[in-house]
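Participant: Sequences listed follow chains D and E, in order.
First residue of the first sequence? That's 1 in our numbering, and the numbers climb one at a time after it.
First residue of the second sequence? That's 251 in our numbering, and the numbers climb one at a time after it.
Some hints here could point you the wrong way.
Listed next, the in silico PhoX-like pairs over lysine-lysine satisfying Cα-Cα at most 25 Å (straight line) [stated by the list, open to error]:
1) D/Lys218 <-> D/Lys158
2) D/Lys158 <-> E/Lys353
3) D/Lys87 <-> D/Lys179
4) D/Lys42 <-> D/Lys87
5) D/Lys158 <-> E/Lys356
6) D/Lys218 <-> E/Lys356
7) D/Lys87 <-> E/Lys309
8) E/Lys310 <-> D/Lys87
9) D/Lys42 <-> D/Lys158
10) E/Lys375 <-> E/Lys320
11) D/Lys42 <-> E/Lys353
12) D/Lys42 <-> E/Lys433
13) E/Lys314 <-> E/Lys356
Label pairs and their computed distance ranges (CB to CB) [claimed, not checked]:
14) E/Glu276 <-> D/Ser143: 39 to 49 Å
15) D/Asp28 <-> E/Lys314: 52 to 62 Å
16) D/Lys189 <-> E/Asn340: 43 to 53 Å
17) E/Lys314 <-> D/Lys87: 56 to 66 Å
18) E/Phe306 <-> D/Asn206: 43 to 53 Å
19) E/Glu381 <-> D/Arg152: 25 to 35 Å
20) E/Lys353 <-> D/Lys158: 24 to 34 Å
One side of the interface only, derived from the structure: several residues of chain E facing chain D at Cβ under 7 Å [what the hints assert, rightly or not]:
21) Pro364
22) Val391
23) Lys437
Calculated from the structure, these hints are not laboratory results.
Virtual Cβ for every residue (Gly too), placed ideally from N, Cα, C.
Okay, here's what each chain looks like letter by letter:
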Amino acid sequence: MLAKRIVPCLDIKDGRTVKGINFENLRDAGDPVELGAAYSEKGADELVFLDITATHEKRKTLAALARNIARHLNIPFTVGGGIGSIKDVDVCLMNGADKVSINSAAVRNPALIDELSLQFGNQCIVTAIDAKEVNGEWIVYVSGGRIPTERRLFEFAKEMQERGAGEILFTSMDHDGTKAGFAVDALAKLSDSLDIPIIASGGAGNMAHFAEVFTKGKADAGLAASIFHFGEIEISDLKGYLGDNGVVVR
Amino acid sequence: MNLTIIDYNAGNTQSVIFALNRLGIEPTLTDDFEAIQKADKVIFPGVGEASTTMAFLRKKGLDKLIPTLKQPVLGVCLGMQLMCAHSEENDTTCMGIFSEKVKLFKPASGEKVPHMGWNNITNLKSGIFDESLDNQRVYFVHSYYVEKSNYTAAVADYCQPFSAALHRDNFYATQFHPEKSGKVGAKIIENFINL
Numbered sequence: 001m002l003a004k005r006i007v008p009c010l011d012i013k014d015g016r017t018v019k020g021i022n023f024e025n026l027r028d029a030g031d032p033v034e035l036g037a038a039y040s041e042k043g044a045d046e047l048v049f050l051d052i053t054a055t056h057e058k059r060k061t062l063a064a065l066a067r068n069i070a071r072h073l074n075i076p077f078t079v080g081g082g083i084g085s086i087k088d089v090d091v092c093l094m095n096g097a098d099k100v101s102i103n104s105a106a107v108r109n110p111a112l113i114d115e116l117s118l119q120f121g122n123q124c125i126v127t128a129i130d131a132k133e134v135n136g137e138w139i140v141y142v143s144g145g146r147i148p149t150e151r152r153l154f155e156f157a158k159e160m161q162e163r164g165a166g167e168i169l170f171t172s173m174d175h176d177g178t179k180a181g182f183a184v185d186a187l188a189k190l191s192d193s194l195d196i197p198i199i200a201s202g203g204a205g206n207m208a209h210f211a212e213v214f215t216k217g218k219a220d221a222g223l224a225a226s227i228f229h230f231g232e233i234e235i236s237d238l239k240g241y242l243g244d245n246g247v248v249v250r
Numbered sequence: 251m252n253l254t255i256i257d258y259n260a261g262n263t264q265s266v267i268f269a270l271n272r273l274g275i276e277p278t279l280t281d282d283f284e285a286i287q288k289a290d291k292v293i294f295p296g297v298g299e300a301s302t303t304m305a306f307l308r309k310k311g312l313d314k315l316i317p318t319l320k321q322p323v324l325g326v327c328l329g330m331q332l333m334c335a336h337s338e339e340n341d342t343t344c345m346g347i348f349s350e351k352v353k354l355f356k357p358a359s360g361e362k363v364p365h366m367g368w369n370n371i372t373n374l375k376s377g378i379f380d381e382s383l384d385n386q387r388v389y390f391v392h393s394y395y396v397e398k399s400n401y402t403a404a405v406a407d408y409c410q411p412f413s414a415a416l417h418r419d420n421f422y423a424t425q426f427h428p429e430k431s432g433k434v435g436a437k438i439i440e441n442f443i444n445l
């Protein structure tokens with residue numbers, strides 16, 4: 001039976017892993033190459049690498065960093081941050097990425113997803129959506145959660161699926177960094193309305209939150225950063241806990 | 251040991267190279283016919299869309315070369331599907347090393363497509379598997395599958411039991427990604443190298 005996936009995420013700024021709260025107040029969380037290798041050793045099912053400064057700063061050193069991480073990684077590796085063209089995706093894949101995560105560019109130019117999925121296959125293209133609930137509506141944000149858009153989570157995710165995204169990485173900005181649990185209601189609604197897998201992101205604080213996101217939230221994968229980086233939850237313990245609670249894990 | 255990876259812009263080539271490097275192997279990446287024919291082992295990677303990829307292989311004549319190879323050949327993911335007779339993905343005629351057809355998953359009870367993640371492999375046959383690998387989890391990412399047949403060398407279950415691996419003579423193929431399947435995948439690649 002297909003297992004639910006535990007996905008540590010490395011948010012990278014200036015070559016270091018960082019983590020903030022509600023997308024702000026970044027603090028250092030260590031060397032991404034070491035963290036990546038350690039997670040793969042401890043039983044992580046995938047690794048996500050997001051360059052959170054990519055849209056503003058130069059990206060050449062990041063390709064080298066991604067390559068260095070990929071070299072030591074025997075699990076799937078998704079790279080994201082500022083990707084907006086076939087050439088950008090090519091660079092990621094040439095440096096050992098297995099999938100790419102497209103965020104702002106998918107909102108600004110949705111047809112990019114058609115182009116990329118035809119070129120690289122749906123399985124390679126993850127659309128990352130940052131959204132925030134305002135008066136009962138899930139507003140999609142771009143540029144690392146700084147700029148609100150006209151798009152709404154559910155219709156936008158559906159469009160992404162139709163255009164050829166193989167997976168949706170949904171981050172609830174309201175939950176991100178709070179450690180108060182995932183946005184399970186929105187996730188369940190999203191999962192029910194789509195045919196492609198959903199990676200849940202934002203809000204993981206304890207092991208029960210993961211059990212909840214896979215059952216009530218109907219997510220296919222659970223992503224988290226700080227709780228893994230700062231050793232609050234060991235992935236092996238989390239897997240044991242989930243297994244004991246009836247969630248199928250590797 | 252000369253291990254050659256067929257170079258045709260498959261998306262997972264670099265991941266395969268890194269996986270081999272971790273096992274101490276420096277593979278040759280080439281589309282040169284003679285170099286491929288002379289290799290001890292050949293890996294045919296594959297990530298992407300079937301019709302675009304087959305068109306690319308035809309342009310290079312690789313679709314004619316690959317079925318004539320005599321040394322052990324390992325096709326991975328889309329590589330395995332292109333070794334079959336036909337794919338439903340944009341109605342594509344493939345190389346026909348295996349007589350199977352490649353079909354789109356039809357979810358029976360709300361399964362997501364692509365089949366993405368870690369799933370078990372059972373009923374293992376062929377030299378790339380050994381007893382220690384039975385019922386272990388490996389990483390899959392695919393929307394199309396190969397039905398079970400006489401050539402099935404491993405079975406996985408998603409929507410229905412399907413071929414997670416195929417084997418015929420010197421041709422081996424896995425639907426999953428051994429290069430991304432942790433220690434289990436590394437063992438499968440090692441077994442292929444030791445064939």
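Participant: Next, verify each hint and record whether it holds.
Facilitator: The hints, checked one at a time:
no.: 1; hint: D/Lys218 <-> D/Lys158; verdict: 17 Å, holds
no.: 2; hint: D/Lys158 <-> E/Lys353; verdict: 24 Å, holds
no.: 3; hint: D/Lys87 <-> D/Lys179; verdict: 36 Å, violated
no.: 4; hint: D/Lys42 <-> D/Lys87; verdict: 33 Å, violated
no.: 5; hint: D/Lys158 <-> E/Lys356; verdict: 19 Å, holds
no.: 6; hint: D/Lys218 <-> E/Lys356; verdict: 20 Å, holds
no.: 7; hint: D/Lys87 <-> E/Lys309; verdict: 22 Å, holds
no.: 8; hint: E/Lys310 <-> D/Lys87; verdict: 22 Å, holds
no.: 9; hint: D/Lys42 <-> D/Lys158; verdict: 34 Å, violated
no.: 10; hint: E/Lys375 <-> E/Lys320; verdict: 20 Å, holds
no.: 11; hint: D/Lys42 <-> E/Lys353; verdict: 35 Å, violated
no.: 12; hint: D/Lys42 <-> E/Lys433; verdict: 12 Å, holds
no.: 13; hint: E/Lys314 <-> E/Lys356; verdict: 32 Å, violated
no.: 14; hint: E/Glu276 <-> D/Ser143: 39 to 49 Å; verdict: 42 Å, holds
no.: 15; hint: D/Asp28 <-> E/Lys314: 52 to 62 Å; verdict: 55 Å, holds
no.: 16; hint: D/Lys189 <-> E/Asn340: 43 to 53 Å; verdict: 32 Å, violated
no.: 17; hint: E/Lys314 <-> D/Lys87: 56 to 66 Å; verdict: 31 Å, violated
no.: 18; hint: E/Phe306 <-> D/Asn206: 43 to 53 Å; verdict: 48 Å, holds
no.: 19; hint: E/Glu381 <-> D/Arg152: 25 to 35 Å; verdict: 52 Å, violated
no.: 20; hint: E/Lys353 <-> D/Lys158: 24 to 34 Å; verdict: 25 Å, holds
no.: 21; hint: Pro364; verdict: 5 Å, holds
no.: 22; hint: Val391; verdict: 4 Å, holds
no.: 23; hint: Lys437; verdict: 11 Å, violated
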